[in-house]
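A.B. asks: Residues per chain, in single letters:
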Amino acid sequence: MRYCARIAVGPVQFRVGSDWRRPIADLDRLYSAYPKDEARPADATVRLFAARPWRRWLRPSVHIGGDFVVPDALPLPLSMGLLAAEMAMNLQVALGWRRHLLLHASAVARDGRALILSGESGSGKSTLAALLGEGAWRLMGDEFTLIEPVRGAAFAFPRAVSLKNQAIDEVAARVDAARLGPRLTGTPKGDIRHLIPRADAIAAMHEPARPALLLFPRFGGEAAIEPMGEGEAFVRLTEASTNYVALGEAGFSALTRLVREVPAFGVTYPDSATGIALAEDLWTEATA
Amino acid sequence: MTDRVFRAAPADALCIEPLGAITAIFDRRSMQTHLVAPPLPEMLALMGEGPCDAALLTKRLEAAFDLGDTGDVRERVAERLDELAAMGLVTAA
Amino acid sequence: MSPAQTLVDLLAGRCEPGELPPRAWEGVIGVARAEAMLATLAHRLEGASLPPSVAALFADQRAAAKVATAQALWEAEMARRALASECIEFVLLKGAAYAAAGLSCSAGRQIGDLDILVLAADIRRAENELLEAGWEWVKSDPYDDHYYRAHMHELPPMIHKTRDRMIDVHHTILPRTHRITPDALALVSDAVTTEGGFAVLCPADMTAHCAAHMLADGDLQGGLRNLWDFHCLTRDFAAADAGFWGRLDARAELHGLRAAVRRAARLARDLYGSALPPGWDEQVGGDAWYRRRLLARDDWGRPTDRWLEQVFYIRSHWLRMPTMMLARHLWTKWRRRRHHFAG
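Residue numbers (the working numbering), protein chains in the order written: chain A, 1 to 288; chain B, 1 to 93; chain C, 1 to 343.
It cannot be assumed that every hint is accurate.
As the list claims (entries may be wrong) - According to the in silico footprint, chain A covers these stretches of chain C (three or more CB under 8 Å from chain A):
| no. | segment |
| --- | --- |
| 1 | 1 to 15 |
| 2 | 18 to 31 |
| 3 | 60 to 69 |
| 4 | 296 to 307 |
As the list claims (entries may be wrong) - Listing some non-contacts, in silico: residues in chain C with all C-beta distances to chain A over 12 Å:
| no. | residue |
| --- | --- |
| 5 | Ile88 |
| 6 | Glu89 |
| 7 | Ala101 |
| 8 | Asp122 |
| 9 | Arg125 |
| 10 | Tyr143 |
| 11 | His146 |
| 12 | Asp168 |
| 13 | Asp236 |
| 14 | Phe237 |
| 15 | Arg247 |
| 16 | Ala275 |
| 17 | Gly285 |
| 18 | Trp289 |
| 19 | Arg291 |
| 20 | Arg292 |
Hints are computed from structural coordinates only; laboratory data are not their basis.
Ideal placement from N, C-alpha and C gives every residue a C-beta, glycine not left out.
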């Protein structure tokens, strides 16, 4: 393809091809600090392309392709090319990765142990992980957490954090502007701005962490903590996993082990500060 | 109506993990996970290796657990057996 | 060297994997994924000298394929249970049959829908039993439904409501309207039983069906994979039975599939290095188009020859139905596609 970026996030080596320069330039900037291995062949391929040659210039719209595609995915305008790239990269991992049990969850680590936050979009799991990652924690990822099936360790997938709507200002106020991507307005998911993880989080992206606490955050409503049984955590995590079924028994044993060994809580919080305080309290208890 | 006769999955085909209130059963033949509640795991365990119908299984359940006076147990056991058959955990013998 | 050619060379054993430049792998992997052959390649190259990340990816693929094969075979088992109460005999076809029979092409082979063959006389009963056992019609429109029932060689597809897997119930192996009419009764009556108790087509029929599926029925989508099946089937069957090629020729003749089988054999020789017996080993000019169509993918796994793809698409329909019907069919499909885009 005309333009190409090569990006390694955690264990996944991507190649992203594009008919336009701009999404590639945006990606190169967001991922400039990530380790590069030019000799390593890609595990996953993403293509951003124009459906018809003239649509590269005339009302350019970005179609998402690659190893895996969603049949009815709508194209995005070129101004949202970066979002298209990110969605396509996530899709390849969600549908194609088989080495780990993939949880749709954010995670942060401290002292080699991981706090995993699983929830739908809107639960605030990205924002909480991003804010924790600016403090005493290592950000492992805001979208996927990878569980190694044999030993049960969590591995990081620290792509650029996708901040949405109110979270943009909340986080932007605390970080150097050089760590933020362009603001994408009016996307199907609202406003989006990417945050480059801290250099130490990127440097440590291959280091495993032992899961120590599972939280299922829910944004909005009075602060509340509800212990969650093994069965419910199991069910929720199978729903939060994109490759549980494909992994067969390896996925089953990884997940039963995770919910047995790691305490799980549902957490309701009215604002990020409260959410973080609740998470820190539960962490202290769980790791005491 | 006579009860249908079933046979349980061979024990080595299943990985059964109690997780609090529910039990997760992984079937190595189908690669499927079934989340079940009592009395399904107990029924599976009591079926043993031989052929078994609702009447026989009801007798075994009554011997193993104090079911008290709970109406037509056999009919409900027959229904649960059909559920297990739909999951593939038991098969018509 | 195009990545599709490299993929074929690796499968055929003509290319030393250790000598491939590391970055050449991503084109090969891209094409293999696009052709649904990545796990097949992973099996073929098990133990070969590979860049570490490729070796790891291939190990993942082999493990995942093992799970996927078990899931596919389970569908066959559930179909067996559903049809057993009415004693409806059925024969497994394609991927599930290869796996059930433990054939070498099933290593890593992706298996999509479950394809089964029943006698035309049993098809309504089979339909009823499957509906009772939890399969349901995939939502389709009246045109599709009528089209299937009037002209096709199978029921409209059904999907299982809890397992979410599709089953295609065939009563023969080519559409009713196809210019060729295989002998469906012979297919079923000469079927053989696998160790696990499933019926599959006898070796010669299985091979003829593989060629029919690739060359007489389809537009060569997935052709590299189907041709690999053909290559492995003929190699293994011929190794076990010295008279296999003769038997294959006779059965192909019976089903009207001689041209398809011969062409598949020549293409398998050209691409995968199959050894053909005397009399089969000829050069035919038209094969070049097929080879070109089979290898038409670029470094990014994209089809490179839209025109040729279109030609084979139209050819597949031309074979499947009379000209007037084809015109009506393509017109209906085209109008619907336009509506779809406009809506």
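A.B. asks: Taking C-beta pairs only, is C/Arg292 more than 12 Å away from all of chain A?
C.D. replies: Holds: least Cβ distance 22 Å, greater than 12 Å.
A.B. asks: For C/Trp289, is the shortest CB-to-CB distance to chain A above 12 Å, so the non-interface label stands?
C.D. replies: Since the minimum Cβ distance to chain A is about 25 Å, C/Trp289 lies beyond 12 Å and the statement holds.
A.B. asks: The output says C/Asp122 does not contact chain A. Does that hold with a beta carbon cutoff of 12 Å?
C.D. replies: Fine: 32 Å to the nearest Cβ keeps C/Asp122 off the interface.
A.B. asks: Does C/His146 sit more than 12 Å from chain A, CB to CB?
C.D. replies: holds, 24 Å
A.B. asks: In terms of Cβ atoms, is chain A entirely out of 12 Å range of C/Tyr143?
C.D. replies: At roughly 20 Å from the nearest Cβ of chain A, C/Tyr143 sits farther out than 12 Å, so the non-interface label holds.
A.B. asks: Count residues of the segment 1 to 15 of chain C with a Cβ under 8 Å from any Cβ of chain A, then say if the count reaches three.
C.D. replies: violated (count 0)
A.B. asks: Does the segment 296 to 307 of chain C contain three or more residues whose Cβ lies closer than 8 Å to a Cβ of chain A?
C.D. replies: holds (count 3)
A.B. asks: Minimum C-beta separation from C/Ala101 to chain A exceeding 12 Å: can you confirm that?
C.D. replies: The claim holds: C/Ala101 sits with its nearest Cβ about 22 Å from chain A, beyond 12 Å.
A.B. asks: Does C/Phe237 sit more than 12 Å from chain A, CB to CB?
C.D. replies: holds, 31 Å
A.B. asks: C/Arg247 clear of chain A by more than 12 Å, beta carbon to beta carbon?
C.D. replies: holds, 38 Å
A.B. asks: Taking the shortest Cβ-to-Cβ distance between C/Asp168 and chain A, state whether it exceeds 12 Å.
C.D. replies: Label holds. Min Cβ-Cβ 19 Å, cutoff 12 Å.
A.B. asks: Please settle this one: C/Glu89 was flagged as non-interface, so is its CB more than 12 Å from every CB on chain A?
C.D. replies: Since the minimum Cβ distance to chain A is about 31 Å, C/Glu89 lies beyond 12 Å and the statement holds.
The structure fails to meet hint 1 from the earlier list, while all remaining hints are met.
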